[in-house]
Amino acid sequence: MKITIETYQPAWVDKFQQEKAIIEAALAPLAPVVEHIGSTSVPGLGAKPIIDMLVGVGQEAQLDQTIQPMMAAGYTYFRKHEPAMPYRRFYVRLIGPLGQTAPAKVDIGEPFVIGQDFKSVTHIHLLVKDTIHWTRHIAFRDYLRTHPDIAAQYDTLKRTISLRDFKDGIAYNEAKDHFMKKVEAEALDWYNHL
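According to UniProt numbering, the sequence shown is numbered sequentially starting from 1.
Please keep in mind that the hints were generated in silico from the structure rather than gathered at the bench. Watch out, some of these pointers could steer you wrong.
Claimed, not checked - Below, computed lysine-lysine pairings styled on DSS-like, alpha-carbon distance capped at 25 angstroms:
{"no.": "1", "residue 1": "80", "residue 2": "105"}
{"no.": "2", "residue 1": "167", "residue 2": "181"}
{"no.": "3", "residue 1": "158", "residue 2": "48"}
{"no.": "4", "residue 1": "181", "residue 2": "158"}
{"no.": "5", "residue 1": "48", "residue 2": "2"}
{"no.": "6", "residue 1": "15", "residue 2": "158"}
{"no.": "7", "residue 1": "119", "residue 2": "167"}
{"no.": "8", "residue 1": "20", "residue 2": "182"}
{"no.": "9", "residue 1": "20", "residue 2": "129"}
{"no.": "10", "residue 1": "176", "residue 2": "119"}
{"no.": "11", "residue 1": "158", "residue 2": "119"}
{"no.": "12", "residue 1": "48", "residue 2": "80"}
{"no.": "13", "residue 1": "105", "residue 2": "48"}
{"no.": "14", "residue 1": "119", "residue 2": "48"}
{"no.": "15", "residue 1": "167", "residue 2": "129"}
{"no.": "16", "residue 1": "48", "residue 2": "176"}
{"no.": "17", "residue 1": "2", "residue 2": "129"}
{"no.": "18", "residue 1": "80", "residue 2": "167"}
{"no.": "19", "residue 1": "80", "residue 2": "176"}
Could you build all of it, start to finish, from the sequences and the hints given here?
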């Protein structure tokens with residue numbers, strides 16, 4: 001599987017705003033906080049053309065209350081990742097071949113690989129806001145936005161490793177893991193001293 005890294009597109013902000021409006025409407029009773037994260041949220045940084053979003057709710061009991069409204073809004077619920085990250089609900093907007101409908105849910109143990117039959121255009125990481133998992137995403141984004149030298153290093157790394165073939169998106173993320181953990185630690189330290 002080839003990973004495509006595109007030059008930064010200002011239109012990514014508009015796509016985020018469109019998805020944000022859908023999510024805020026779907027989850028209105030939970031008063032979610034919706035943030036644009038990931039490489040598409042950092043001006044000038046190349047990225048896979050997938051909008052990453054962080055959606056926060058007030059308490060853990062609300063996580064499962066998001067499942068039905070998010071599926072009704074057209075997102076696929078990836079339950080398969082919950083054993084590794086029980087604090088998160090992961091949703092994806094998938095685009096498939098003409099005439100094919102994306103699954104509403106991918107359960108634990110199902111061999112569904114994004115990129116084979118369906119392409120993802122939006123990833124939603126739904127968490128309890130103001131937890132360490134929430135903060136690390138915000139800190140990483142803000143650190144890259146304010147440290148263009150680090151963002152440039154990240155851009156170079158992504159473009160270099162995107163030349164390889166990967167089994168799936170998880171393998172691509174694993175190839176970035178050392179850099180990500182190092183910069184995430186720096187970002188959290190920086191963010192906690194603001």
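Quick one: which hint numbers does this structure break? Sort them smallest to largest.
When the structure is compared with the hints, numbers 8, 15, 17 turn out to be violated.
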